[in-house]
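Protein sequences, first through last, are from chains A and B. Position one of the first sequence corresponds to residue 1 (my numbering), numbered consecutively onward. Position one of the second sequence corresponds to residue 1 (my numbering), numbered consecutively onward.
Treat each hint with caution, since some may be false.
[Said to hold, decoys possible] Partner residues are not named here, just some residues of chain B that face chain A (Cβ under 8 Å, in silico):
1) A16
2) Y18
3) S29
4) A53
5) V54
6) V98
7) E111
8) D128
9) T140
Think of the hints as simulated: they come from the structure by calculation, not from any bench. A quick note: this is a predicted structure, and the numbers were derived from the prediction, not measured. All C-beta atoms, glycine included, are put in the ideal place defined by N, C-alpha and C.
Protein chains: 2
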Amino acid sequence: MSDFRADGAAALEWAARYLEGVRQLPVLSRVEPGAVRAALPAAPPDKPEPFAAVLQDLDDVLLPGITHWNHPRFFAYFAISGSEPGILAELLAATLNVNAMLWRTSPAATELEELVLDWVAQLMGLPDGLHGHIEDTASTSTLAALAAARELRPGGVVLCSDQAHSSVEKAARILGLEARKVAVDDEFRMRPDALAEALEDAQVGAVVATVGTTSTTSVDPVPEIADLAEQAGAWLHVDAAYAGSAMICEELRWALEGCERADSVVVNPHKWLFTPVDCSCLFSRRPEVLRRAFSLVPEYLRSDEDATNLMDYGPALGRRFRALKLWAVIRCYGRSGLQERIREHVRLAQLFASWVEAEPGWEVVAPVPFSVVCFRREASDEENQAIVERANATGEVFFSPTVLRDRIVLRLAVGNLRTTAEDVERAWAVLREAAADGSSE
Amino acid sequence: MSDFRADGAAALEWAARYLEGVRQLPVLSRVEPGAVRAALPAAPPDKPEPFAAVLQDLDDVLLPGITHWNHPRFFAYFAISGSEPGILAELLAATLNVNAMLWRTSPAATELEELVLDWVAQLMGLPDGLHGHIEDTASTSTLAALAAARELRPGGVVLCSDQAHSSVEKAARILGLEARKVAVDDEFRMRPDALAEALEDAQVGAVVATVGTTSTTSVDPVPEIADLAEQAGAWLHVDAAYAGSAMICEELRWALEGCERADSVVVNPHKWLFTPVDCSCLFSRRPEVLRRAFSLVPEYLRSDEDATNLMDYGPALGRRFRALKLWAVIRCYGRSGLQERIREHVRLAQLFASWVEAEPGWEVVAPVPFSVVCFRREASDEENQAIVERANATGEVFFSPTVLRDRIVLRLAVGNLRTTAEDVERAWAVLREAAADGSSE
Numbered sequence: 001m002s003d004f005r006a007d008g009a010a011a012l013e014w015a016a017r018y019l020e021g022v023r024q025l026p027v028l029s030r031v032e033p034g035a036v037r038a039a040l041p042a043a044p045p046d047k048p049e050p051f052a053a054v055l056q057d058l059d060d061v062l063l064p065g066i067t068h069w070n071h072p073r074f075f076a077y078f079a080i081s082g083s084e085p086g087i088l089a090e091l092l093a094a095t096l097n098v099n100a101m102l103w104r105t106s107p108a109a110t111e112l113e114e115l116v117l118d119w120v121a122q123l124m125g126l127p128d129g130l131h132g133h134i135e136d137t138a139s140t141s142t143l144a145a146l147a148a149a150r151e152l153r154p155g156g157v158v159l160c161s162d163q164a165h166s167s168v169e170k171a172a173r174i175l176g177l178e179a180r181k182v183a184v185d186d187e188f189r190m191r192p193d194a195l196a197e198a199l200e201d202a203q204v205g206a207v208v209a210t211v212g213t214t215s216t217t218s219v220d221p222v223p224e225i226a227d228l229a230e231q232a233g234a235w236l237h238v239d240a241a242y243a244g245s246a247m248i249c250e251e252l253r254w255a256l257e258g259c260e261r262a263d264s265v266v267v268n269p270h271k272w273l274f275t276p277v278d279c280s281c282l283f284s285r286r287p288e289v290l291r292r293a294f295s296l297v298p299e300y301l302r303s304d305e306d307a308t309n310l311m312d313y314g315p316a317l318g319r320r321f322r323a324l325k326l327w328a329v330i331r332c333y334g335r336s337g338l339q340e341r342i343r344e345h346v347r348l349a350q351l352f353a354s355w356v357e358a359e360p361g362w363e364v365v366a367p368v369p370f371s372v373v374c375f376r377r378e379a380s381d382e383e384n385q386a387i388v389e390r391a392n393a394t395g396e397v398f399f400s401p402t403v404l405r406d407r408i409v410l411r412l413a414v415g416n417l418r419t420t421a422e423d424v425e426r427a428w429a430v431l432r433e434a435a436a437d438g439s440s441e
Numbered sequence: 001m002s003d004f005r006a007d008g009a010a011a012l013e014w015a016a017r018y019l020e021g022v023r024q025l026p027v028l029s030r031v032e033p034g035a036v037r038a039a040l041p042a043a044p045p046d047k048p049e050p051f052a053a054v055l056q057d058l059d060d061v062l063l064p065g066i067t068h069w070n071h072p073r074f075f076a077y078f079a080i081s082g083s084e085p086g087i088l089a090e091l092l093a094a095t096l097n098v099n100a101m102l103w104r105t106s107p108a109a110t111e112l113e114e115l116v117l118d119w120v121a122q123l124m125g126l127p128d129g130l131h132g133h134i135e136d137t138a139s140t141s142t143l144a145a146l147a148a149a150r151e152l153r154p155g156g157v158v159l160c161s162d163q164a165h166s167s168v169e170k171a172a173r174i175l176g177l178e179a180r181k182v183a184v185d186d187e188f189r190m191r192p193d194a195l196a197e198a199l200e201d202a203q204v205g206a207v208v209a210t211v212g213t214t215s216t217t218s219v220d221p222v223p224e225i226a227d228l229a230e231q232a233g234a235w236l237h238v239d240a241a242y243a244g245s246a247m248i249c250e251e252l253r254w255a256l257e258g259c260e261r262a263d264s265v266v267v268n269p270h271k272w273l274f275t276p277v278d279c280s281c282l283f284s285r286r287p288e289v290l291r292r293a294f295s296l297v298p299e300y301l302r303s304d305e306d307a308t309n310l311m312d313y314g315p316a317l318g319r320r321f322r323a324l325k326l327w328a329v330i331r332c333y334g335r336s337g338l339q340e341r342i343r344e345h346v347r348l349a350q351l352f353a354s355w356v357e358a359e360p361g362w363e364v365v366a367p368v369p370f371s372v373v374c375f376r377r378e379a380s381d382e383e384n385q386a387i388v389e390r391a392n393a394t395g396e397v398f399f400s401p402t403v404l405r406d407r408i409v410l411r412l413a414v415g416n417l418r419t420t421a422e423d424v425e426r427a428w429a430v431l432r433e434a435a436a437d438g439s440s441e
């Protein structure tokens, strides 16, 4: 145990220095494919090595191969934060190493999961009485929701907008269901008339509405969608993986309208609630249907308590103690602290959008309801692609482009706790320099 | 960051003391359903709380509700260990907080995952050239394997023995496939003649052989099964979730015979390789079929490097940096250290079995190839059930029974790094006392 204390102190110091210094590192890794692997022994060691050797290789070999998701100028995909209370809670969860498959295999893990999910529902303003549990990712949460939908209408088609996340199509494929895309309006929101038409064309098992789509964070018109899904007898699943966290701020809660009628809702605290990956919350008002889809109890897992066994609600049997980090984060920030940071991220995105709007030769190409800005240089796709690549190559920023209406679009996603107005300013400067470099070529 | 250092030191000290003191805690939690939740605030805090408050509640409220999987006298299910290097690596992984969905989103995470899986294959004596990646649990690994099988033969039946893990049936249900059970022999191994018959009765897409079944750790005759699966054109998946780790010891490698012919093999280092949950390794010699089942690349995830994107091999898009803990564990124990500890666990199980064999009124009811002993009092099911309950109620041990040939069977699973001969002796004493208490009632 003396080793554990010494090794642990070294690991902790490594973590502290990393978080202090990450701002100085190139955001996007610059290694060539295969370089990291080639720098490590091809065979496992025969004899034990000290933990210090692991830390040394982490610095020397792995770190150059890391793309720094915890960097304040990571603006790609959805920018995220592994916050300090969440990081330390993962240390504690690994120490306890419980498997919360059954209530009895760690009552506290099951009950804390149910309690903290209730906290998240309260923070978001979701209705009372939903059942909530944690999956690793929204891919799995959506898979679970659509599996439940399939229980009620086997073989039913799954409908979502053409801006929905790829995990909907992937889940449908796994479940052997057909996913069909519904057209969106000018602001990338599912068109109710197109949905109505699609509902007429097929026996539909589930409709997936998105609150905060991946490319533009557009919000589908959930009230109209809920009406149509209800008339068709289809399960309504709401993918609020990203924007769900923003509902903690009352002024953003308009986006949640209609979600109280959803059969299931997914929200990922590892996206915008400062919880380390992995933490995806699946809420449902029909948990009995989830149980019908997933409960399967062999003799060696029998238990007699009158309590919830969370293995009955999703595809995996083994369940690590993910509630601990979410609980730690919510407590250490508090509702007010979470609101403050989400508001700041939204403010920074609006600020950035205002700069783009004001700059000749650039345009914002979608509304900015939350912390993501879609924009482009008024130029060819090739030039926009080149701007991103030149900007990313500076090491100062990391952007990931998307495609809207068949054109390449740049995208700034704010979500890291350490991101400041200066970081966003710097990002804008880097982009304009990258554009100027292209013009002068 | 001063807070992070101070809070981190407190968390680390909590972890060190927990690991030092876990032996003194009751293994199976004694709380009543609902008690943990009732002791915590029903609403989230408005204001931030110090991390110290989290640690205080962890001690006061959660700890009594924990069933201690890291306890040396946890003998239930499969006993596991979250070892120190693995625990500290989880702290580091949460600090980096990368998502290894694409190579570019952290080249080091993808390349370390592929390298470490190659190390595991070498340690186990699996053939060269397998593709390996990490899933959260064997449930997901088996789901991925059967989804690949379905690509080759849509709608094909899945065959496994009646001793196979429930995750096979669960995966089949998710995939919309029918799972059928094949009978076992006197030693709980799949009967090749019964398999041949089942293969004649249906168009079979996949056969799942188990190396180390959950109840008795029996080993299916993989060479014969591989012959039959090959003739039938069915995918062969080997579930070695538990026993795969034992293949590190040459004298146990007989159990791997035939596995070189499998299309996919799952091994869980979080079961018997001292890695904290979650860490399930899926090996395949047909990764292109896994890709066909799972690859789905929307515009916002496009990347141009000639490198592996691990999101293409399984159901979830988001992938945390699980390779780090497995790498840390293998390095800090080394092949020799891992062998030594697995051998000790096997020795302890054999020792326990010899005591049961020698004791009048008790019997060992299945062979003991690894570290699990199935045994029973020569008495009614009710009495055996009562013995387990009385033993578990002492707080000194935790056993989970199973059912074999319609009779309740007791089960001792050794797998924790801190388990000593004295612990196993104490377990036997507790069981005999529990039996005596019943006789005197």
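Verification of the hints:
Because the closest C-beta pair between A16(B) and chain A is about 5 Å apart, less than 8 Å, the hint holds. The beta carbon of Y18(B) is positioned within 8 Å of a beta carbon in chain A (closest approach about 6 Å), and the interface hint is therefore held. At a threshold of 8 Å, the smallest CB-CB gap from S29(B) to chain A is about 5 Å, leaving the interface hint in force. About 7 Å separates the beta-carbon of A53(B) from the nearest beta-carbon of chain A, less than 8 Å, and the hint is met.
Below 8 Å, beta-carbon pairs count as interface contacts, and V54(B) has one with chain A at about 5 Å; its hint therefore holds. For V98(B), the interface hint holds, the least distance from its beta-carbon to any beta-carbon of chain A being 5 Å, beneath 8 Å. For the restraint placing E111(B) at the interface with chain A, the shortest Cβ-Cβ distance is roughly 4 Å, inside the 8 Å limit, so the hint holds. The criterion of a C-beta within 8 Å of any C-beta in chain A is not met by D128(B), whose closest approach is roughly 11 Å, and the hint is violated.
The beta carbon of T140(B) is positioned within 8 Å of a beta carbon in chain A (closest approach about 6 Å), and the interface hint is therefore held.
Checked against the numbered hints given earlier, the structure breaks only hint 8 and satisfies all the rest.
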